[in-house]
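Student: For the protein sequence lines, the chains are A and B, in the order given. The opening position of the first sequence corresponds to residue 1 in our numbering, with each subsequent residue numbered one higher. The opening position of the second sequence corresponds to residue 802 in our numbering, with each subsequent residue numbered one higher.
Honestly, I wouldn't trust all of these hints.
If we take Cβ atoms under 7 Å as the criterion, some of the chain B residues that face chain A in the derived model are [said to hold, decoys possible]:
| id | residue |
| --- | --- |
| 1 | V852 |
| 2 | T856 |
| 3 | P874 |
| 4 | E901 |
| 5 | L903 |
| 6 | S914 |
| 7 | T916 |
Hints were generated in silico from the structure; no laboratory data involved. Note that beta-carbon positions come from the ideal geometry of N, C-alpha and C, so glycine has one too.
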Amino acid sequence: MNFIIKILSFLLIIPLYINDAYAQDCEYKLSIQVIDFQDGLPLSNATVEINELGVMGTTDFDGNVIFENLCKDTFLLTVSHEDCVSSTQSIDIKKDTFSKIRLEPHLTELEEIMVISNNRNNSRTLFENKISKEVLEDYNSRTLGEVLKTVTGVSSLNSGSYLSKPVINGLHSSRVILINNGVRLEDQEWGIEHAPSLDINSIDKISIIKGASALKYAGDAVGGVIIAESSREKLLDTIYGNATTNLQSNGRGGGISTNFTKTNSNGWYYRLQGTLKRMGDFETPNYVMTNTGFSEHNLSLKAGLNRIDYGFDIYYSLFSNRLGILRSSHAHTAIDIINAIENDIPHIIEDFSYDINIPRQKISHNLLKLRGFKNFDFGKLSMRYDFQSNDRKEYDIRRGDRTRPALDLNLQTHSIAFDLESKFDNNSNLKAGISARYQKNFPDPATGVKRIIPDYKKYDFSLYSVYDTSFSKNWFLEAGIRYDFSHIDAYKYYRTSLWEARNYNELFPQFVVEDLGLNTLTNPKFDFHNISSNLGIKYSINNSENIFFNYSMSSRKPNPSELFSEGLHHSSARIEIGDLSFNSEIGHNFSLTYDSSNEKSSLIVNTFANVVDNFIYMIPVDLMPTVAGVFPYWEYKQEDAKLFGFDLKYDRQYFTNFFVGHQFSIIKGYERANNKPLINMPPVNFKNQISYSFPQINNLNLSLESEYVFKQNEYPNNNFEVFIPTEDTYATLDTSTPPGAYHLFNFASSIGFKAENGGNYKVNLRIENLLNKLYKNYLNRLRYFTHEMGRNILISVSYNY
Amino acid sequence: MKIFKYALLAIPFLYFSCSDDDDAPEPINEEEVITTMTVTLVNHQNGSDVVTMQTQDLDGDGPNEPVITVSGPLAAGTSYAGSIVWLNEMEDPAENITEEILEEDDEHQVFFSATGVGMEFVYMDFDGDGNPLGTQFVLAPLGTGSGSVTITLIHEPTKPNDGLDTAGGSIDIQTSFAVTVE
Numbered sequence: 001m002n003f004i005i006k007i008l009s010f011l012l013i014i015p016l017y018i019n020d021a022y023a024q025d026c027e028y029k030l031s032i033q034v035i036d037f038q039d040g041l042p043l044s045n046a047t048v049e050i051n052e053l054g055v056m057g058t059t060d061f062d063g064n065v066i067f068e069n070l071c072k073d074t075f076l077l078t079v080s081h082e083d084c085v086s087s088t089q090s091i092d093i094k095k096d097t098f099s100k101i102r103l104e105p106h107l108t109e110l111e112e113i114m115v116i117s118n119n120r121n122n123s124r125t126l127f128e129n130k131i132s133k134e135v136l137e138d139y140n141s142r143t144l145g146e147v148l149k150t151v152t153g154v155s156s157l158n159s160g161s162y163l164s165k166p167v168i169n170g171l172h173s174s175r176v177i178l179i180n181n182g183v184r185l186e187d188q189e190w191g192i193e194h195a196p197s198l199d200i201n202s203i204d205k206i207s208i209i210k211g212a213s214a215l216k217y218a219g220d221a222v223g224g225v226i227i228a229e230s231s232r233e234k235l236l237d238t239i240y241g242n243a244t245t246n247l248q249s250n251g252r253g254g255g256i257s258t259n260f261t262k263t264n265s266n267g268w269y270y271r272l273q274g275t276l277k278r279m280g281d282f283e284t285p286n287y288v289m290t291n292t293g294f295s296e297h298n299l300s301l302k303a304g305l306n307r308i309d310y311g312f313d314i315y316y317s318l319f320s321n322r323l324g325i326l327r328s329s330h331a332h333t334a335i336d337i338i339n340a341i342e343n344d345i346p347h348i349i350e351d352f353s354y355d356i357n358i359p360r361q362k363i364s365h366n367l368l369k370l371r372g373f374k375n376f377d378f379g380k381l382s383m384r385y386d387f388q389s390n391d392r393k394e395y396d397i398r399r400g401d402r403t404r405p406a407l408d409l410n411l412q413t414h415s416i417a418f419d420l421e422s423k424f425d426n427n428s429n430l431k432a433g434i435s436a437r438y439q440k441n442f443p444d445p446a447t448g449v450k451r452i453i454p455d456y457k458k459y460d461f462s463l464y465s466v467y468d469t470s471f472s473k474n475w476f477l478e479a480g481i482r483y484d485f486s487h488i489d490a491y492k493y494y495r496t497s498l499w500e501a502r503n504y505n506e507l508f509p510q511f512v513v514e515d516l517g518l519n520t521l522t523n524p525k526f527d528f529h530n531i532s533s534n535l536g537i538k539y540s541i542n543n544s545e546n547i548f549f550n551y552s553m554s555s556r557k558p559n560p561s562e563l564f565s566e567g568l569h570h571s572s573a574r575i576e577i578g579d580l581s582f583n584s585e586i587g588h589n590f591s592l593t594y595d596s597s598n599e600k601s602s603l604i605v606n607t608f609a610n611v612v613d614n615f616i617y618m619i620p621v622d623l624m625p626t627v628a629g630v631f632p633y634w635e636y637k638q639e640d641a642k643l644f645g646f647d648l649k650y651d652r653q654y655f656t657n658f659f660v661g662h663q664f665s666i667i668k669g670y671e672r673a674n675n676k677p678l679i680n681m682p683p684v685n686f687k688n689q690i691s692y693s694f695p696q697i698n699n700l701n702l703s704l705e706s707e708y709v710f711k712q713n714e715y716p717n718n719n720f721e722v723f724i725p726t727e728d729t730y731a732t733l734d735t736s737t738p739p740g741a742y743h744l745f746n747f748a749s750s751i752g753f754k755a756e757n758g759g760n761y762k763v764n765l766r767i768e769n770l771l772n773k774l775y776k777n778y779l780n781r782l783r784y785f786t787h788e789m790g791r792n793i794l795i796s797v798s799y800n801y
Numbered sequence: 802m803k804i805f806k807y808a809l810l811a812i813p814f815l816y817f818s819c820s821d822d823d824d825a826p827e828p829i830n831e832e833e834v835i836t837t838m839t840v841t842l843v844n845h846q847n848g849s850d851v852v853t854m855q856t857q858d859l860d861g862d863g864p865n866e867p868v869i870t871v872s873g874p875l876a877a878g879t880s881y882a883g884s885i886v887w888l889n890e891m892e893d894p895a896e897n898i899t900e901e902i903l904e905e906d907d908e909h910q911v912f913f914s915a916t917g918v919g920m921e922f923v924y925m926d927f928d929g930d931g932n933p934l935g936t937q938f939v940l941a942p943l944g945t946g947s948g949s950v951t952i953t954l955i956h957e958p959t960k961p962n963d964g965l966d967t968a969g970g971s972i973d974i975q976t977s978f979a980v981t982v983e
């Protein structure tokens, strides 16, 4: 027994002796590398102290320091750096040890880093036009389309006074992608009378990338990308916010908007924001545009945790509006439009009113986003899930006591995405990601009107990777590629006569579910595989001058309207026919930008050529008689197209406080086969501005703007001779001829005051169309029925704290 | 990494939404379409002389053109009692749209005109305000020859008015019938 105990003791004790024997050696080496929490770069000149031993070392250029001859023990290390918060941590030494220690920069430093990251471009080689918070504040009673027009080369396609959608380098709708706080907006954007569902008051910064896809978000932006973001929260214990009230004479209404942000130095924050707007009928210089008022209420909430190495947030926004459509724009037949053009002014003009009657649109858009990120050694990994529900109801003048909408669409989109951003030592970056999306469109059959867009489900899957690097101090290169897969599974009732007339019964017999006589139920299914890519080069001539060259290939699958349209579109009084056999549209965009800026002046020159294969657009083919009368018959066609243009922006300060600004843009677009001009190309426009500021009088700033828009002299002739049975004659349905040139003057002024509690007030006075000019705009779809807005005096007071 | 775990919880959401039933959507009852207009003209002097003019477009805005028929010639030297019936034959059974128009008589008016051959039209029914409606009318040929009769139904015209040119509103129905007066 004793023997056994002895043996056991021996076995137990021996390792202790061995262990002890090693410990006595005190020959271990401890290597420490100190790195920056934020960017993972080594910190030199950091001091590392081993508290127990009172030994101190300083890191070298690579952030390394080595301690030798350490015994086996547990030590406390204190690591400090002049730019960072000191950190103490324990470390076990059992063998030669290597450890990375991350230091958080001081709060002030952090603030700067945050600011830098806020101003960070989406790409190093793409020129981005930015709209600052100040401009957004000045335009806070407007629509996104109006604000974006302040950028050279961006115009808007309007349906009346308030409904406007952005046009970038001549392209719009499905060709312009809108990213709201990292989420691609899914809001039936195919419709040219559908404005983007986004409240500009919820946004602090907008970047516009012309003619190129931001591959991280989309590969199908043949026209360009609009990236709207709210600013990143500060890492301080503070409260800040803004309240703005504005009033305007035209429309006799206004809006209020407020936001409130509470942040903490530990990273937790929340932000609330809300907007209310209400307007009555807008007026031209000569008459009231009956039923053009609107009401809008928007809300957004954001909360989360922001740390240097990880964070998450939850974001919710609601956009909802009720928008009157000009009462007289309701035309049923070709003859109605001929009569409207002949009359020159609307046939229904009533006294000013705040009522929003039929026809009108009622939109609500919900967006919920959850996002998290974490920094690893290999980069920043983020994950996002978002849900959007877009509800669109369009009310038309209907016979009988039908107050139900004539169009009722609900579009739900779920998406999930993982993104990785890695920085490499050689000043290059890699971004890569994977995403999946599910979308479901539901047109409510209770409308009693044939569905414009069918029921469909869409499944998307995407992969992208973008790499950028710099060869030297002056040369930057970016290359990216993206793959998108889409599967569309639709159910649609086609008129059997149309199904057969378009030969679909032979081309797509597999889609037929059931022949119901008058209609045929079909189940069209499509797969699209699209590749898009981007190659950009930036050359910095010196600190103030840059040249950007970019080639981007974007691939856009046909949208539901282009595929499935079939029948009478009431709001445009024409029959519109899509095509199931369309392929994806491929855009090759080349752009060259020169940018020069110094304290006194700034110049941006941008030229582009966009060669689009399989460009999808509509042309009038014929007139079609129905019981209701004769309608123009428009078909979507797929033809090769080309667009090119030139934008120039030049600002210069002449004396201390005198500024002059010029903006010029020209765009041309043609079908490639026969050089026929494309429809709705923005006319040439030329803007000039002079302004003078008085810093001694509360930063009073006065400016006068002149905007000259030329007549669009290149347009496709889509006119028809229509038989007028009651008069036994023919009349021309002239929907093509653009209206004449116009010249507008605007006055703008602003003044700022400091409040006693540290906040500040800003008062803006703006007068648009100062001379109350009567004119029509080629890019307004309702131009056959009405002129544009007359003089408008806007006052806004905003308080920032 | 906790964040990611929570975020991943969202994924089942996605699948849940994807697993909707695959049922086809219900067909739409296209309510407001007018497929058929039938004008019946009865000779005041001879009740068995009935002329029917009809336009019928069963596929609505589909590619098939309307079928327009006139049953026979009109007689000169007399007048006809006219009445109009509108149907939506896309619904089964066909819906009589005339009833809706009679209910909303103040928002509608039928306009008559003739080219090539003289015709006189007299309104025989009126809305609540005493303004003409036109579902009942009298047609009197003023001479012989051939020409056309155009019948236009306007939604929301200005009432009263001096005729189609100044009535405004929008066209619900407009059809020309080739007629002969013997």
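Student: Decide, hint by hint, whether the structure agrees.
Tutor: Hint check:
Interface hint at V852/B: violated, since its Cβ lies 19 Å from the closest Cβ of chain A, which is beyond the 7 Å cut-off. At its closest, the beta carbon of T856/B sits 6 Å from a beta carbon of chain A; the interface hint therefore holds under the 7 Å criterion. For P874/B, the suggested interface contact is broken, since its CB lies about 20 Å from the closest CB of chain A, more than 7 Å. Because the smallest distance between the Cβ of E901/B and any Cβ of chain A comes to about 5 Å, under 7 Å, the interface hint for this residue holds.
Annotation: interface hint on L903/B violated; nearest CB of chain A at approximately 11 Å, more than 7 Å. The interface hint given for S914/B is met, as the beta carbon of that residue sits about 4 Å from the closest beta carbon of chain A, less than 7 Å. Given the 7 Å rule on beta carbons, the hint for T916/B holds: about 4 Å separates it from the nearest Cβ of chain A.
When the structure is compared with the earlier hints, violations turn up for hints 1, 3 and 5 and for no others.
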